[in-house]
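J.: Residues per chain are reported as follows:
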Amino acid sequence: MAKPTPTAGVSTRAPASQRSRTAEMLQHAKAMGKTIEVAIDGSPIAVPLGTSILEAAGQLGIRIPTLCYHEDLCLAGVCRVCVVEIEGQRTLQAACSYPISSPINVKTHTSKVRRARRHIIDLLLSSHVGECYTCSRNQSCELRELAAEYGVDFFRFGHVQKPRYEIDASSHAVVRDMNKCVLCRRCIRTCIDLQEVGVLEALYRGNRSKVGTFLDRPLADVVCINCGQCINRCPTGALRANDPTDEVWDAIDDPRKHVLIQTAPSPRAAIGECFGLEPGHAVTFELNTALRRCGFDRVFDTDFSADLTIIEEGVELLLRLKRALVDGDASVALPQFTSCSPGWVKYVEHFYPERLAHLSSAKSPQQMFGALLKTYYAQINELDPRDIVTVALMPCSAKKFECNRPEMCASGHKDIDYGLTTRELAKMIHEAGIDLLKLPKSGFDDPFGTATGSGVIFGATGGVMEAALRTVVELVTGLKIEKLFDHADVIPVRGFEGIRYAELPISQIGPVPELVAHLFDNWDFLKDVTLKVGVAHGTANAKRVMEDIKAGGRFSQCHFIEFMACPGGCLGGGGQPSPTSPAIRAARA
Amino acid sequence: MTFGEIEPGAGLKSALARPPADVLARIDASGLRGRGGAGFPTSLKWELAQKSKGDKKYVICNADEGEPGTFKDRVILGDFADMVFEGMTIAAVAIGARHGIVYLRAEYTYLRGHLEAVLQRRRENNLLGENICGREGFDFDIEVHMGAGSYVCGEETALIESLEGQRGEPRNRPPFPIDTGYLGNPTTVNNVETFAWAVCILAKGADWFKRLGTEKSTGHKLFSVSGDCRRPGVYDLPLGITVAELLAEVGGEDAKAVQVGGAAGQCIPRRDFQRGIAYEDIPTGGSIIVFGPGRDMLRVAKNFLEFFIDESCGQCTPCREGAPRLLEGIEMLHRGDCSMTYLDELCSLGETMQLASKCGLGQTAPSTFLSVVQNFRDEILGRTGGN
Ligand SMILES: Cc1cc2nc3c(=O)[nH]c(=O)nc-3n(C[C@H](O)[C@H](O)[C@H](O)COP(=O)(O)O)c2cc1C
Ligand code: SF4
Ligand code: SF4
Ligand code: SF4
Ligand code: FES
Chain E
1 MAKPTPTAGV STRAPASQRS RTAEMLQHAK AMGKTIEVAI DGSPIAVPLG TSILEAAGQL
61 GIRIPTLCYH EDLCLAGVCR VCVVEIEGQR TLQAACSYPI SSPINVKTHT SKVRRARRHI
121 IDLLLSSHVG ECYTCSRNQS CELRELAAEY GVDFFRFGHV QKPRYEIDAS SHAVVRDMNK
181 CVLCRRCIRT CIDLQEVGVL EALYRGNRSK VGTFLDRPLA DVVCINCGQC INRCPTGALR
241 ANDPTDEVWD AIDDPRKHVL IQTAPSPRAA IGECFGLEPG HAVTFELNTA LRRCGFDRVF
301 DTDFSADLTI IEEGVELLLR LKRALVDGDA SVALPQFTSC SPGWVKYVEH FYPERLAHLS
361 SAKSPQQMFG ALLKTYYAQI NELDPRDIVT VALMPCSAKK FECNRPEMCA SGHKDIDYGL
421 TTRELAKMIH EAGIDLLKLP KSGFDDPFGT ATGSGVIFGA TGGVMEAALR TVVELVTGLK
481 IEKLFDHADV IPVRGFEGIR YAELPISQIG PVPELVAHLF DNWDFLKDVT LKVGVAHGTA
541 NAKRVMEDIK AGGRFSQCHF IEFMACPGGC LGGGGQPSPT SPAIRAARA
Chain A
1001 MTFGEIEPGA GLKSALARPP ADVLARIDAS GLRGRGGAGF PTSLKWELAQ KSKGDKKYVI
1061 CNADEGEPGT FKDRVILGDF ADMVFEGMTI AAVAIGARHG IVYLRAEYTY LRGHLEAVLQ
1121 RRRENNLLGE NICGREGFDF DIEVHMGAGS YVCGEETALI ESLEGQRGEP RNRPPFPIDT
1181 GYLGNPTTVN NVETFAWAVC ILAKGADWFK RLGTEKSTGH KLFSVSGDCR RPGVYDLPLG
1241 ITVAELLAEV GGEDAKAVQV GGAAGQCIPR RDFQRGIAYE DIPTGGSIIV FGPGRDMLRV
1301 AKNFLEFFID ESCGQCTPCR EGAPRLLEGI EMLHRGDCSM TYLDELCSLG ETMQLASKCG
1361 LGQTAPSTFL SVVQNFRDEI LGRTGGN
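Protein chains in written order, with the numbering used here: chain E, 1 to 589; chain A, 1001 to 1387.
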């Protein structure tokens, strides 16, 4: 998904060094439509002016190794692994960040190039503390892959053994081990440019430089929203999620404990990638079997509580509208914001605290499920809530933070005890020796009834919005609606890529259904009202919408806006398998 | 010094008397090349900035003077500040800029008051501000911006990052400052001395400038001479002068080696003293450091490497990780436990740094190491770790 270009009036916090000047020029140059003939390893190709050497080589099927380059991020040109030789130039050039502007003759694997790349990899290894067999990323590490590709069979310039930095495990979501960091700065660009949160930056200089936070504070003490997008883009094991699998195993092994797991749709769509499947193959029902074999006592579908969240949020919206339209209460916080993305919630807390009232008061599906399990479910199954252990499989690292928020225990018990990411659960299944792909399918356990299916689209962006609106419209009109947006007027918002806006006129009203009869006498106040809704995913987009609201723009007139912290919504969550790319995220949908 | 012989204001008067293209042509005819070290033809840089599209253009004077052993810009700014500003104004005429910035090295903060006073006087005399010298529509002003004590911020793109309030790190090039410079606008960055010579050329003509120097390195240049010689200081000498001639001038005839171009430059051994100091032979931004017969060349290389390790911005791998490996190599040589194979490997690593580093700092960081290993092999091998 392309990063939106900053709109006027919204300042990006990205330092220019990490903003992509080259990419800016690229767009500019491509718009001019001029093509240039170049030769790469002797093959001629005509490319639009400004195309990078890396891109041009890719079109010819020539692979140039990269490390700091990432499709989702602006260019850095810092690792220098991608250097190539351009005829007539004294120095080698970084293919990822060299825009073609004249007919050049490029050689991608001359002896100079091979030696330089080899040296660079050797240098990276010389200061990289780590042994692959003890690393969480040993199957997906780009540094290890590069070393293999370049035939590294000894440490030419030594190999540091002693860690220089303390591991920062202060955050419930992200663990940082800077001893394994290769300073590719992808995490910095993710946090500053992609997410526009701005927690991470390069500190100090030379070989003392490291990736750090404001005043080098622990991650738990800074404005990190726990989105985990930095983890997904780190090429090494320097960033990982805070992993509670040992505690989960302990609970499973404890005969007194009744261990319940709920699985969200997005990890079910992606966990197959950890078992060698191409992205885009959901293994929901094989996963149910695997979880039972691992020892979980019950396996539930988060879709169930997603429905609850949607009804809560929908009814809350109707109540807010009533207060605003009928009671004329000007203090009602509209638009209402969704609250199911814990990264987004923390983002609002840090960056727009004056807007907290706009957040829906509904708990997220994960937490609602947990609360139900520790209360109603415990009651009907005659269990002591203290013996119930609730685990949630989520695509998300922020969910780990959410379940540890002190207020998330209204029943006196922690709603959710442990949040597992897709990657961590895959590891548990591997550890149990279970061959996920060969398992028979099995269904979910049925806690209190059946889910409707609207939760299934929860994971895609716009899903919450669509489901909540459908609920609202069904309640108000009494009609069954299959495809909501067939009824809506989806209006493209210019300059807001990755952000949607729609209008939905309510032309007829029905009787107030039983379910909400205690709250509403009639729907008259909604007659001929046009519901205005928005959807934004990725905090960079969220920020644009928030600034638009502040400036009194179109989104300030909205009634309801869905926000998700991760680009691409939960499918691109910070707990999903590595690597990530626009194509992989699209395939998961 | 030549600068003292130039009538104040003559250069600007001459520039304003002709169309901008003529100003460029005159600089071009003089063959003036940048005095900051890289020796890029000044007229070409200005011409590219002039042709680059943009309503806001900037003239930046690089007064970061961070190269070890250079102090000539300090002297120019102290004694000939008017001339530097006049040169910037001429550049503004040539490229069509309205804004000028002097990026002043943090250690030169004491010069700031003086520079501001000179700027103020120029404004009062209509040499800066609006309708300069009565020319309708020619507006140009200069502000002074302080550096924060980083050598790499002398590199022009890092300098611009620093001006923009960012971490001082070199950018990817291309694009170059002449089209995407300060705040994304066309910008020319030139050395203090380059601006001063531009004034001389406009005042006295291209032929006058070309009468000295070599064909490819025309004119004079200021040299900052330090180290083991009897008369250290700033010298105004023609380019093309041989190392031996220069040593005779400064009283360093018995030198064992001369570092030309500062830490980023080359270490010239005695047998090469007949070579000329010029862009086509031994280029320099003006730093000359003389090493007498008693100097330990391994310590010299060590000293420079420590400097680069300290000053590297740390963004790219070859420079950040390479320089410390070379330093370790020096320590091994000192202890006498560096094998010849490893020494060769380190030299090869040095070449990689020259080829693959992102900016001039990393590209030049290994050069002293390489020249010492090449030229003083006998001296550095066979040590046992003593003094
Ligand atoms: C690490 C590094 C440090 C530099 N420091 C300076 C400096 O202090 N002063 C300077 O004029 N140029 C310095 N330069 C050169 C500038 O990048 C640039 O080439 C110069 O300012 C252009 O001016 P000129 O064309 O007039 O020489 C440095 C270059 C590098 C790579
Ligand atoms: S988790 Fe998100 S907010 Fe926190 S450092 Fe990583 S990218 Fe930034
Ligand atoms: S933590 Fe990971 S992503 Fe960040 S700079 Fe280090 S290696 Fe790169
Ligand atoms: S060569 Fe050194 S100073 Fe230059 S960009 Fe690379 S790390 Fe920074
Ligand atoms: S991938 Fe090009 S410099 Fe890192």
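Treat the hints with care, since some could be wrong.
[What the hints assert, rightly or not] With a cut-off of at most 27 Å between alpha-carbon atoms, the simulated BS3-like pairs for lysine-lysine come out as follows:
id	chain 1	residue 1	chain 2	residue 2
1	E	LYS427	E	LYS322
2	E	LYS112	E	LYS34
3	E	LYS427	E	LYS257
4	A	LYS1051	E	LYS34
5	A	LYS1302	E	LYS210
6	A	LYS1051	A	LYS1013
7	E	LYS257	E	LYS441
8	A	LYS1013	A	LYS1056
9	E	LYS34	E	LYS322
10	E	LYS414	E	LYS427
11	E	LYS550	E	LYS322
12	E	LYS162	A	LYS1216
13	E	LYS441	E	LYS427
14	A	LYS1013	E	LYS34
15	E	LYS34	A	LYS1056
[To be verified] Computed far set for chain E versus chain A, every beta-carbon distance over 10 Å:
id	residue
16	ALA94
17	ASN105
18	GLU201
19	ASP216
20	LEU334
21	GLU503
[What the hints assert, rightly or not] Simulated restraints on C-beta separations:
id	chain 1	residue 1	chain 2	residue 2	range
22	E	GLY295	A	GLU1328	47 to 53 Å
23	A	GLU1136	E	GLU547	53 to 59 Å
24	E	THR110	A	ALA1025	36 to 42 Å
25	E	ARG355	A	HIS1145	34 to 40 Å
No lab work stands behind these hints, which were simulated from the structure alone. Ideal Cβ placement from N, Cα and C applies to all residues, glycine included.
J.: Next, verify each hint and record whether it holds.
T.: For each hint, the structure was consulted:
1. LYS427/E - LYS322/E: Cα-Cα ~49 Å, so violated.
2. LYS112/E - LYS34/E: violated, 32 Å
3. LYS427/E - LYS257/E: holds, 22 Å
4. LYS1051/A - LYS34/E: holds, 19 Å
5. LYS1302/A - LYS210/E: Within the cut-off at roughly 24 Å; holds.
6. LYS1051/A - LYS1013/A: Cα-Cα ~23 Å, so holds.
7. LYS257/E - LYS441/E: It holds: about 26 Å lies between the C-alpha atoms, which stays within 27 Å.
8. LYS1013/A - LYS1056/A: Roughly 24 Å between the alpha carbons, so the hint for LYS1013/A and LYS1056/A holds.
9. LYS34/E - LYS322/E: violated, 57 Å
10. LYS414/E - LYS427/E: holds, 25 Å
11. LYS550/E - LYS322/E: Distance ~23 Å between LYS550/E and LYS322/E Cα, so the pair holds.
12. LYS162/E - LYS1216/A: Not satisfied, since the Cα-Cα distance of roughly 52 Å exceeds 27 Å.
13. LYS441/E - LYS427/E: Satisfied, since the Cα-Cα distance of roughly 20 Å is no more than 27 Å.
14. LYS1013/A - LYS34/E: violated, 42 Å
15. LYS34/E - LYS1056/A: Holds, at roughly 26 Å.
16. ALA94: At about 7 Å from chain A, ALA94/E fails to clear the 10 Å cut-off, so the statement is violated.
17. ASN105: holds, 17 Å
18. GLU201: Check fails; 8 Å does not lie beyond 10 Å.
19. ASP216: Nearest chain A Cβ is 15 Å from ASP216/E, so the label holds.
20. LEU334: holds, 38 Å
21. GLU503: GLU503/E is indeed farther than 10 Å from all Cβ atoms of chain A, at 37 Å.
22. GLY295/E - GLU1328/A: 47 to 53 Å: holds, 52 Å
23. GLU1136/A - GLU547/E: 53 to 59 Å: Violated - the Cβ-Cβ distance for GLU1136/A and GLU547/E, about 42 Å, lies outside 53 to 59 Å.
24. THR110/E - ALA1025/A: 36 to 42 Å: holds, 41 Å
25. ARG355/E - HIS1145/A: 34 to 40 Å: holds, 38 Å
The structure fails hints 1, 2, 9, 12, 14, 16, 18, 23 (numbered hints given earlier, in ascending order).
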